[in-house]
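**Q** Each chain, written out:
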Amino acid sequence: MSKMHTVDEGHRSIGPVWAEWIGVLAVLLGAYLTASSSIHTIKQYVYALPITAAQRASELKCPKDELIEEGITVTVCKQMQASIETILVTTPKWFLTLQFWLGVEGIVLAAASIWAGMALVDWRPWAPRAFLTVAGGLILLELIGLVASAESGPMIRKEYLWDYLLWLALYIALATAVFAAWTGSGGTSSD
Amino acid sequence: MSKPGYGNLTVLLHWVIAIAILFLFGIAWWMLAIPYGDYRYLPYQIHKNLGMTLIVVVGLMVFFRYRPRPGRLPESMPRWMHNLAVADHVLMYALIFTVCLSGLLSSAFSGWGTTLWWSITLIPDPIAHRWENETLNIVFGQIHVYASWVLLALLVSHISGAVYHAFRRDGVLRRMFRV
Numbered sequence: 001m002s003k004m005h006t007v008d009e010g011h012r013s014i015g016p017v018w019a020e021w022i023g024v025l026a027v028l029l030g031a032y033l034t035a036s037s038s039i040h041t042i043k044q045y046v047y048a049l050p051i052t053a054a055q056r057a058s059e060l061k062c063p064k065d066e067l068i069e070e071g072i073t074v075t076v077c078k079q080m081q082a083s084i085e086t087i088l089v090t091t092p093k094w095f096l097t098l099q100f101w102l103g104v105e106g107i108v109l110a111a112a113s114i115w116a117g118m119a120l121v122d123w124r125p126w127a128p129r130a131f132l133t134v135a136g137g138l139i140l141l142e143l144i145g146l147v148a149s150a151e152s153g154p155m156i157r158k159e160y161l162w163d164y165l166l167w168l169a170l171y172i173a174l175a176t177a178v179f180a181a182w183t184g185s186g187g188t189s190s191d
Numbered sequence: 001m002s003k004p005g006y007g008n009l010t011v012l013l014h015w016v017i018a019i020a021i022l023f024l025f026g027i028a029w030w031m032l033a034i035p036y037g038d039y040r041y042l043p044y045q046i047h048k049n050l051g052m053t054l055i056v057v058v059g060l061m062v063f064f065r066y067r068p069r070p071g072r073l074p075e076s077m078p079r080w081m082h083n084l085a086v087a088d089h090v091l092m093y094a095l096i097f098t099v100c101l102s103g104l105l106s107s108a109f110s111g112w113g114t115t116l117w118w119s120i121t122l123i124p125d126p127i128a129h130r131w132e133n134e135t136l137n138i139v140f141g142q143i144h145v146y147a148s149w150v151l152l153a154l155l156v157s158h159i160s161g162a163v164y165h166a167f168r169r170d171g172v173l174r175r176m177f178r179v
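These protein sequence lines map, in sequence, to chains A and B. Letter by letter, the first sequence follows residues 1 to 191 of this note's numbering. Letter by letter, the second sequence follows residues 1 to 179 of this note's numbering.
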C-alpha cells in the first residue's frame with residue numbers, strides 16, 4: 001500500500017486514494033441513512049399514537065373529494081387502510097419503543113458518519129479511527145434491529161428485516177475496507 | 001493562501017439541505033400511503049413545515065455561497081463541464097424554490113390555515129377558508145409533484161457529478177467535502 005500522504009495541495013496534504021473513495025461513499029450513504037432514520041423514527045411515533053382499535057376506523061378515512069385530488073380510488077384507499085391496520089395489529093408495543101430509540105440513535109450516528117466520511121475525504125489523521133467508531137455503533141444498531149425484527153413475527157420481518165440486513169452489510173463492508181486499508185498502510189502508529 | 005473550498009457555513013447548510021430534501025421525498029411517499037386522519041396529520045405537517053423552512057435555509061445558502069468565494073476550479077476542467085455544473089446548480093436552486101413554493105401555495109388554497117412549526121401563524125383559518133380554491137389547489141399540487149420529480153433527476157446528476165470528481169481526484173469534491 002502506498003504512503004499515507006501523497007501530494008501537497010498548498011496548505012494541507014491530500015490523503016490516500018482509499019480514504020477519498022471510501023469517504024465519498026460514507027458521506028453519501030450517511031446522508032441517505034440520516035434521512036431514512038428520521039423517517040423511521042417518525043413512523044414509530046405515529047404507529048404508537050394512543051388510538052384504540054375502535055377509534056381507528058374514523059382515523060383512517062377515504063373521503064372521495066380528497067381522493068380525487070390525489071388520483072386514487074376508494075378501493076386503493078381501502079387497501080391503504082388495511083395495510084396500516086396490519087402494521088398496527090401485528091406490531092408489539094415494545095417493538096415500536098425499541099424502533100423509536102434505534103431511529104433516534106441512528107440519526108445521530110448517521111450524521112456523525114457524514115462528518116467522519118468528510119474527514120476521510122479531506123484527510124484528517126484521526127478520520128479512520130473516527131469512522132470506525134461511528135461505523136461500529138451503526139453496525140451494533142443494525143444488529144439489534146435485525147434480531148428484534150426477526151423475533152417479531154412474519155409481518156414485521158417482511159417490513160423491516162431486509163433493510164436492516166442491507167445497512168448492516170454496507171457498514172460492515174465500509175468498516176472492513178477502512179480497517180484493512182488503514183492498518184495495511186501502517187496508519188495506526190504514525191497517525 | 002486562500003482556502004480552496006466553500007466556507008464552513010456553506011458546507012453545513014449544503015448537507016442540512018441535502019438530508020432535508022431526501023427526508024422530504026421519503027416522508028411524502030410514506031404519508032401519501034396513509035389514509036386521511038390522525039395518522040397522516042404529523043408526517044404531513046412535518047413535510048409542510050420543513051418545506052417552508054427550506055425556502056429560508058436555501059436562501060441563506062445561496063447568500064453565503066460566495067462569502068468567502070471558493071477557489072477557482074481546476075484549469076484542467078473543460079469549459080463544457082464547468083457550464084454544465086453551473087446549469088445544474090442554478091436549476092437545482094430554482095427547482096427547490098419551485099417545489100417548496102408550489103407546495104405552500106397548494107396548501108394555501110386548500111382551505112386549511114398554515115402555521116410554521118405550530119408557532120407562527122402564516123395563514124389564519126378564516127383567511128384560508130376565504131381563499132379556498134380547489135382548482136388552484138390542484139394546479140399548484142401538480143406543479144409541486146412534477147417539479148419534485150425533475151429535482152430528483154437533477155439530484156441524481158449532481159451526486160453522479162460529485163462521484164465522478166471524487167474518482168478523478170481533481171480537487172473539486174474537496175470544495176464541499178471538508179471539515
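Hint data in this document are derived by calculation from the structure and do not stem from the laboratory. Note that this is a predicted model, so its numbers are computed, not measured. All C-beta atoms in this analysis are idealised placements derived from N, C-alpha and C, irrespective of residue type, glycine included. Errors might be hidden in some of the hints.
What follows is a set of in silico ranges between Cβ atoms, one per label pair, in the way DEER data are often shown [claimed, not checked]: (1) B:Ile123 x A:Ala150: 33 to 39 Å; (2) B:Val156 x A:Gly71: 36 to 42 Å; (3) B:Gly59 x A:Gly186: 46 to 52 Å; (4) B:Val145 x A:Tyr45: 21 to 27 Å; (5) B:Ser160 x A:Thr75: 48 to 54 Å; (6) B:Trp149 x A:Leu143: 54 to 60 Å; (7) B:Val57 x A:Tyr45: 20 to 26 Å; (8) B:Ala33 x A:Ala169: 22 to 28 Å; (9) B:Ser76 x A:Ile68: 50 to 56 Å; (10) A:Ala169 x B:Trp149: 49 to 55 Å.
**Q** Taking 33 to 39 Å as the hint, is the beta-carbon distance of isoleucine 123 of chain B and alanine 150 of chain A inside that range?
**A** violated (47 Å)
**Q** Is 20 to 26 Å right for how far apart the beta carbons of valine 57 of chain B and tyrosine 45 of chain A are?
**A** holds (24 Å)
**Q** Is the hinted range of 36 to 42 Å satisfied by the C-beta distance from valine 156 of chain B to glycine 71 of chain A?
**A** violated (25 Å)
**Q** Range first: 21 to 27 Å. Now tell me if the beta carbons of valine 145 of chain B and tyrosine 45 of chain A are that far apart.
**A** holds (26 Å)
**Q** Take a look at whether the Cβ-Cβ distance between glycine 59 of chain B and glycine 186 of chain A falls inside 46 to 52 Å.
**A** holds (47 Å)
**Q** Is 50 to 56 Å right for how far apart the beta carbons of serine 76 of chain B and isoleucine 68 of chain A are?
**A** Holds - the Cβ-Cβ distance for serine 76 of chain B and isoleucine 68 of chain A, about 55 Å, lies within 50 to 56 Å.
**Q** Starting from the hint 22 to 28 Å, judge whether the C-beta atoms of alanine 33 of chain B and alanine 169 of chain A obey it.
**A** holds (27 Å)
**Q** Is it true that alanine 169 of chain A and tryptophan 149 of chain B lie within 49 to 55 Å of each other by Cβ?
**A** The hint (49 to 55 Å, Cβ to Cβ) is violated, given that alanine 169 of chain A and tryptophan 149 of chain B are roughly 30 Å apart.
**Q** Are tryptophan 149 of chain B and leucine 143 of chain A spaced within 54 to 60 Å by their CB atoms?
**A** violated (36 Å)
**Q** Between serine 160 of chain B and threonine 75 of chain A, does the beta-carbon spacing fit 48 to 54 Å?
**A** violated (39 Å)
Of the numbered hints given earlier, the model fails hints 1, 2, 5, 6 and 10; all others are met.
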